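Let's have the full structure, built from the sequences with the hints guiding it.
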Amino acid sequence: MFPSPRLLTALWLGKVAITVNRHIGHGGTSLPGMVGRKIAPQMLSSLASQLKKGAIVVTGTNGKTTTSKMLAAIMEKAGLTLTHNRAGANLISGITTAFIQSASVGGQIGSDLGIIEVDEATVPSLTEEVKPRAVVVTNFFRDQLDRFGELDKTVELVKKSLQKLPPQSLIILNADDPLVASLGVKHRGPILYYGIESRSYGNKDMSQSAETRFCRLCGKPLQYEWYYFGQLGHYHCPHCGFQRPKPQVRITDIELKGEEGSSFSLETPQGLLSITLSTPGFYNIYNALAAIAAASHMKTTQSSMQMGLEGYRTNFGRMERLDIGAERKAFLALIKNPTGCDEVIRTLRQNEGPKRLLIMIQDNAADGRDISWLWDADFESLEQIAPQLQSIATSGLRGEDMALRLSYAGLPAQKIQFIASIDEAIASTIEATGPGETLYILPTYTALLAAKTTLTRLGYSPKYWEE
Amino acid sequence: MIATPLTTEKKVSLQLLHLYPDLLNLYGDRGNIIALSRRCQWRHIEFTIVQASLGDKVDFSTIDIVFMGGGSDREQTLLFQDFKAYKGPALVEATEEGLPLLAVCGGYQLLGKYYKTQEGDEMPGLGLFDAWTEAGKNRLIGNVVARIPLLGPNITLVGFENHSGKTYLGSSETTVPLAQIIAGHGNNGQDKGEGAIYKNAVGTYLHGPILPKNPAFADWLLTKALERKYGKGQLEPLPDLWEQKAHQSVVKRFS
Numbered sequence: 001m002f003p004s005p006r007l008l009t010a011l012w013l014g015k016v017a018i019t020v021n022r023h024i025g026h027g028g029t030s031l032p033g034m035v036g037r038k039i040a041p042q043m044l045s046s047l048a049s050q051l052k053k054g055a056i057v058v059t060g061t062n063g064k065t066t067t068s069k070m071l072a073a074i075m076e077k078a079g080l081t082l083t084h085n086r087a088g089a090n091l092i093s094g095i096t097t098a099f100i101q102s103a104s105v106g107g108q109i110g111s112d113l114g115i116i117e118v119d120e121a122t123v124p125s126l127t128e129e130v131k132p133r134a135v136v137v138t139n140f141f142r143d144q145l146d147r148f149g150e151l152d153k154t155v156e157l158v159k160k161s162l163q164k165l166p167p168q169s170l171i172i173l174n175a176d177d178p179l180v181a182s183l184g185v186k187h188r189g190p191i192l193y194y195g196i197e198s199r200s201y202g203n204k205d206m207s208q209s210a211e212t213r214f215c216r217l218c219g220k221p222l223q224y225e226w227y228y229f230g231q232l233g234h235y236h237c238p239h240c241g242f243q244r245p246k247p248q249v250r251i252t253d254i255e256l257k258g259e260e261g262s263s264f265s266l267e268t269p270q271g272l273l274s275i276t277l278s279t280p281g282f283y284n285i286y287n288a289l290a291a292i293a294a295a296s297h298m299k300t301t302q303s304s305m306q307m308g309l310e311g312y313r314t315n316f317g318r319m320e321r322l323d324i325g326a327e328r329k330a331f332l333a334l335i336k337n338p339t340g341c342d343e344v345i346r347t348l349r350q351n352e353g354p355k356r357l358l359i360m361i362q363d364n365a366a367d368g369r370d371i372s373w374l375w376d377a378d379f380e381s382l383e384q385i386a387p388q389l390q391s392i393a394t395s396g397l398r399g400e401d402m403a404l405r406l407s408y409a410g411l412p413a414q415k416i417q418f419i420a421s422i423d424e425a426i427a428s429t430i431e432a433t434g435p436g437e438t439l440y441i442l443p444t445y446t447a448l449l450a451a452k453t454t455l456t457r458l459g460y461s462p463k464y465w466e467e
Numbered sequence: 001m002i003a004t005p006l007t008t009e010k011k012v013s014l015q016l017l018h019l020y021p022d023l024l025n026l027y028g029d030r031g032n033i034i035a036l037s038r039r040c041q042w043r044h045i046e047f048t049i050v051q052a053s054l055g056d057k058v059d060f061s062t063i064d065i066v067f068m069g070g071g072s073d074r075e076q077t078l079l080f081q082d083f084k085a086y087k088g089p090a091l092v093e094a095t096e097e098g099l100p101l102l103a104v105c106g107g108y109q110l111l112g113k114y115y116k117t118q119e120g121d122e123m124p125g126l127g128l129f130d131a132w133t134e135a136g137k138n139r140l141i142g143n144v145v146a147r148i149p150l151l152g153p154n155i156t157l158v159g160f161e162n163h164s165g166k167t168y169l170g171s172s173e174t175t176v177p178l179a180q181i182i183a184g185h186g187n188n189g190q191d192k193g194e195g196a197i198y199k200n201a202v203g204t205y206l207h208g209p210i211l212p213k214n215p216a217f218a219d220w221l222l223t224k225a226l227e228r229k230y231g232k233g234q235l236e237p238l239p240d241l242w243e244q245k246a247h248q249s250v251v252k253r254f255s
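Listed in order, the protein sequences are those of chains A and B.
Taking UniProt numbering, I'd label the letters of the first sequence as residues 1 to 467.
Taking UniProt numbering, I'd label the letters of the second sequence as residues 1 to 255.
Hint data in this document are derived by calculation from the structure and do not stem from the laboratory.
Bear in mind that the values here come from a model prediction, so they are computed numbers and not experimental data.
Don't be surprised by glycine CBs; every beta carbon is placed ideally from N, CA and C.
Mixed in with the good hints, there may be bad ones.
So, partial list: chain A residues that the calculated Cβ filter (under 10 Å) puts toward chain B [claimed, not checked]:
{"hint": "1", "residue": "16"}
{"hint": "2", "residue": "20"}
{"hint": "3", "residue": "142"}
{"hint": "4", "residue": "321"}
{"hint": "5", "residue": "366"}
{"hint": "6", "residue": "371"}
{"hint": "7", "residue": "373"}
{"hint": "8", "residue": "374"}
{"hint": "9", "residue": "398"}
{"hint": "10", "residue": "401"}
{"hint": "11", "residue": "403"}
{"hint": "12", "residue": "405"}
{"hint": "13", "residue": "408"}
{"hint": "14", "residue": "413"}
Below, computed lysine-lysine pairings styled on PhoX-like, alpha-carbon distance capped at 25 Å [to be verified]:
{"hint": "15", "chain 1": "B", "residue 1": "84", "chain 2": "A", "residue 2": "220"}
{"hint": "16", "chain 1": "B", "residue 1": "232", "chain 2": "B", "residue 2": "192"}
{"hint": "17", "chain 1": "A", "residue 1": "77", "chain 2": "A", "residue 2": "52"}
{"hint": "18", "chain 1": "B", "residue 1": "166", "chain 2": "A", "residue 2": "160"}
{"hint": "19", "chain 1": "A", "residue 1": "153", "chain 2": "B", "residue 2": "166"}
{"hint": "20", "chain 1": "A", "residue 1": "153", "chain 2": "B", "residue 2": "116"}
{"hint": "21", "chain 1": "B", "residue 1": "232", "chain 2": "B", "residue 2": "199"}
{"hint": "22", "chain 1": "A", "residue 1": "77", "chain 2": "A", "residue 2": "159"}
{"hint": "23", "chain 1": "A", "residue 1": "153", "chain 2": "B", "residue 2": "137"}
{"hint": "24", "chain 1": "B", "residue 1": "252", "chain 2": "B", "residue 2": "11"}
{"hint": "25", "chain 1": "B", "residue 1": "192", "chain 2": "A", "residue 2": "220"}
{"hint": "26", "chain 1": "B", "residue 1": "199", "chain 2": "A", "residue 2": "415"}
{"hint": "27", "chain 1": "A", "residue 1": "77", "chain 2": "A", "residue 2": "415"}
{"hint": "28", "chain 1": "B", "residue 1": "137", "chain 2": "A", "residue 2": "159"}
{"hint": "29", "chain 1": "A", "residue 1": "52", "chain 2": "A", "residue 2": "164"}
Covered stretches of chain B, going by a simulated chain A footprint (3 or more residues, C-beta under 8 Å) [claimed, not checked]:
{"hint": "30", "region": "32–42"}
{"hint": "31", "region": "136–146"}
Take a look at the structure:
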């Protein structure tokens with residue numbers, strides 16, 4: 001196929017924009033795509049159509065970045081070359097940028113598979129331009145409601161775009177989330193469900209951050225036999241009969257090992273599998289499970305799945321370990337909505353040693369303008385570990401709101417410190433972290449980008465667009 | 001402690017009713033309950049919370065404050081019949097007698113006279129407020145700063161609004177706007193009014209949530225509840241260190 005002159009112009013300008021951006025020290029993950037699309041609006045579809053094995057799209061509220069990176073790690077072990085928006089820019093311009101970068105100067109995409117993480121609101125335009133072979137939906141939680149309006153609308157939006165997929169496209173759904181599983185009802189194409197069967201973790205009570213207790217189909221209360229977190233668990237509707245679908249890819253046994261991660265066994269259509277994950281957090285088991293489900297659709301070997309996941313290390317602020325010298329530990333964990341935040345808090349509470357906390361809240365467009373969600377997150381549970389908290393700092397544009405939230409969560413108002421500048425907050429909390437202590441830095445999205453720049457400058461972290 | 005002890009031997013206590021907590025729980029609404037609860041706890045006032053949802057009965061004579069949050073259109077439809085038939089009439093009666101109530105967004109809309117959808121259908125409300133709501137084309141979203149004369153000449157109210165319904169107040173004296181918009185949209189984006197107040201019942205579009213960052217308003221609700229129950233409602237002042245800082249950080253953005 002010979003690309004059109006218009007596509008080539010768009011591509012070259014895009015590539016120039018990437019180089020210039022990097023040169024002046026910006027990540028430049030969106031602008032090149034935006035420029036390219038102005039010149040050749042069809043460029044994403046024509047580049048994506050060249051992928052030899054098509055594209056797998058990952059969407060949902062939490063776990064998009066981690067799931068797609070885990071899937072990429074597996075697929076690389078399986079010997080495939082990838083086009084992947086690794087830096088997490090998941091709007092249409094950021095995704096186009098990833099394709100511009102992946103294409104040759106002659107306009108050819110040489111990679112086998114596309115792995116595309118996409119924002120829920122971008123799913124309709126993306127699935128239209130990139131006809132994916134599979135779409136993974138991880139979960140639905142309240143997130144950036146200032147942009148999406150209501151969660152129901154987000155679910156409806158994704159549902160409608162899934163109905164418009166090519167008939168052979170597979171949808172891969174989290175069976176444990178009733179909001180996600182409801183997408184499978186009356187869906188005409190093929191569906192693969194994944195879920196957790198093991199009841200060694202989770203409980204019988206619903207958490208504060210559960211999005212729904214009501215059936216999406218008939219509006220009557222759902223009955224739960226078991227909860228994992230949020231509204232995820234084992235459920236059925238006694239009224240209309242809607243129930244958790246039996247997952248084809250399912251975890252049968254789990255062992256959590258705190259900061260060391262976890263190990264779990266699962267059943268897939270290809271057979272039994274055991275995985276050791278060095279990434280902590282119960283939610284990362286779901287991310288790995290989603291990645292395995294997508295890999296099993298690709299008929300990937302079990303050893304590639306094992307090697308890919310076992311070698312996987314979190315980065316880009318997903319409980320990312322920072323190197324701040326011997327005997328001192330630091331983790332960077334993005335928080336952006338109540339459920340994700342609760343899971344990060346749950347993970348850090350498993351560490352019994354002395355710790356310090358730096359929470360950085362911003363309300364730029366990419367963070368979500370509305371920070372009300374801070375009150376839905378379970379900061380109250382920090383009160384139980386208050387004696388271990390050596391210091392509690394907040395920062396960012398809405399750092400004072402965060403300090404207020406912590407004081408109402410029961411932490412002593414005098415122990416809380418607000419440091420307006422993110423630079424200064426990071427430098428001083430790392431400095432204060434003593435031997436044997438662990439520092440947890442919890443930023444919202446734009447605070448994470450700022451934190452990464454600061455950490456790079458201070459020599460604690462690589463440039464994020466190079467990861 | 002309350003500055004003027006009401007009785008020396010009896011513990012001062014307040015009971016809050018959270019209406020439809022499982023359906024009306026958007027946008028950090030529970031922060032309002034956390035705020036009321038902590039502000040009582042810090043003053044050694046016993047504070048209990050009871051919840052009532054679909055099918056539950058409520059004895060309003062045991063209730064000192066009522067809270068209703070916001071919900072999606074779908075969730076509001078689920079509870080509407082129950083509210084209209086069982087809890088609403090008794091709630092209206094109790095608020096007529098001075099029961100303090102805070103209703104945010106969806107809850108506020110349900111307490112007006114009606115909600116008119118895009119298609120022109122009218123869903124009748126409880127009519128506690130002389131107000132009605134019409135579905136708008138665009139959502140009114142963003143930070144809000146408003147003047148609240150109820151609390152004093154220079155007191156501001158801050159919060160975050162996110163609603164597509166536009167609410168209009170009637171001309172009667174019984175329902176007046178809670179606050180006057182300095183920045184943001186308020187009830188309808190046109191007349192500068194935000195929220196509604198009738199006796200001790202307040203409706204507002206402010207999430208944020210509203211009470212933690214507006215401690216004077218939280219204390220107004222508590223004071224009204226204490227006055228109604230004990231005849232006196234003077235509250236011991238609190239340091240409000242982070243409350244004021246968080247409040248001022250929003251005000252500063254728009255001045």
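Now for the hints, and whether the structure bears them out:
1. A hinted interface residue such as residue 16 of chain A counts as satisfied when its beta carbon comes closer than 10 Å to some beta carbon of chain B; here the least separation is about 36 Å, so the hint is violated.
2. Annotation: interface hint on residue 20 of chain A violated; nearest CB of chain B at approximately 33 Å, more than 10 Å.
3. A distance limit of 10 Å between C-beta atoms decides the matter here; for residue 142 of chain A the minimum to chain B is near 7 Å, and the interface restraint holds.
4. Hint status for residue 321 of chain A: violated, given a least beta-carbon distance of 31 Å to chain B, over 10 Å.
5. Contact between residue 366 of chain A and chain B, as hinted, is not supported at the beta carbon level, the nearest pair being about 16 Å apart and thus beyond 10 Å.
6. Interface hint status for residue 371 of chain A: upheld, as the beta-carbon distance to the closest one in chain B is roughly 7 Å, under 10 Å.
7. With a least beta-carbon distance of about 6 Å to chain B, the hint placing residue 373 of chain A at the interface is held under the 10 Å criterion.
8. Among the interface hints, the one on residue 374 of chain A holds; its C-beta lies about 7 Å from the nearest C-beta in chain B, closer than the 10 Å criterion.
9. The beta carbon of residue 398 of chain A is positioned within 10 Å of a beta carbon in chain B (closest approach about 7 Å), and the interface hint is therefore held.
10. Nearest Cβ of chain B to the Cβ of residue 401 of chain A: about 5 Å, under the 10 Å cut. The hint holds.
11. For residue 403 of chain A, the suggested interface contact is upheld, since its CB lies about 5 Å from the closest CB of chain B, less than 10 Å.
12. The closest approach between the C-beta of residue 405 of chain A and any C-beta of chain B is roughly 8 Å, which is under the 10 Å cut-off, so the hint is satisfied.
13. Taking 10 Å as the C-beta contact cut-off toward chain B, the hint placing residue 408 of chain A at the interface holds, the least distance being around 5 Å.
14. About 6 Å separates the beta-carbon of residue 413 of chain A from the nearest beta-carbon of chain B, less than 10 Å, and the hint is met.
15. Straight-line distance between C-alpha atoms of residue 84 of chain B and residue 220 of chain A comes to about 18 Å, which keeps the hinted pair within the 25 Å bound.
16. Taking the CA atoms of residue 232 of chain B and residue 192 of chain B, the gap is near 34 Å; set against the 25 Å cutoff, the hint is violated.
17. Of the pairs offered as hints, the one joining residue 77 of chain A and residue 52 of chain A holds, with about 17 Å between alpha carbons and a cut-off of 25 Å not exceeded.
18. Simply put, residue 166 of chain B and residue 160 of chain A have alpha-carbon atoms about 28 Å apart, too far for the 25 Å limit, and the pair is violated.
19. Simply put, residue 153 of chain A and residue 166 of chain B have alpha-carbon atoms about 19 Å apart, close enough for the 25 Å limit, and the pair holds.
20. Note on residue 153 of chain A and residue 116 of chain B: the hinted pairing holds, with a Cα-Cα distance of about 20 Å set against a maximum of 25 Å.
21. Proximity of residue 232 of chain B to residue 199 of chain B is assessed by CA-CA distance (about 17 Å); at most 25 Å being required, the pair is judged to hold.
22. For the suggested pair residue 77 of chain A and residue 159 of chain A, the alpha carbons sit about 32 Å apart, so the restraint of at most 25 Å is broken.
23. At most 25 Å may separate the alpha-carbon atoms for a hinted pair to count; residue 153 of chain A and residue 137 of chain B meet this at roughly 15 Å.
24. A threshold of 25 Å between alpha carbons decides the hint, and for residue 252 of chain B with residue 11 of chain B the separation of about 41 Å lies outside it, so the pair is violated.
25. A distance of roughly 39 Å separates the Cα atoms of residue 192 of chain B and residue 220 of chain A; the hinted pair therefore is violated under the 25 Å criterion.
26. Annotation: proposed proximity of residue 199 of chain B to residue 415 of chain A is violated, straight-line Cα distance about 40 Å (limit 25 Å).
27. Distance check on the hinted pair: residue 77 of chain A and residue 415 of chain A sit about 48 Å apart at the alpha-carbon level, beyond 25 Å; violated.
28. Of the supplied pair hints, the one linking residue 137 of chain B and residue 159 of chain A holds, its CA atoms being roughly 23 Å apart against a limit of 25 Å.
29. Restraint check for residue 52 of chain A and residue 164 of chain A: the C-alpha separation of about 22 Å stays at or below 25 Å, so the hint holds.
30. Counting residues of the region 32–42 of chain B whose CB lies closer than 8 Å to any CB of chain A gives 3, so the stated coverage by that chain holds, three being the minimum.
31. With 4 residues bearing a CB less than 8 Å from a CB of chain A, the region 136–146 of chain B meets the requirement of three and the coverage assertion stands.
In the structure shown, a violation is registered for the earlier hints numbered 1, 2, 4, 5, 16, 18, 22, 24, 25, 26 and 27, in ascending order.
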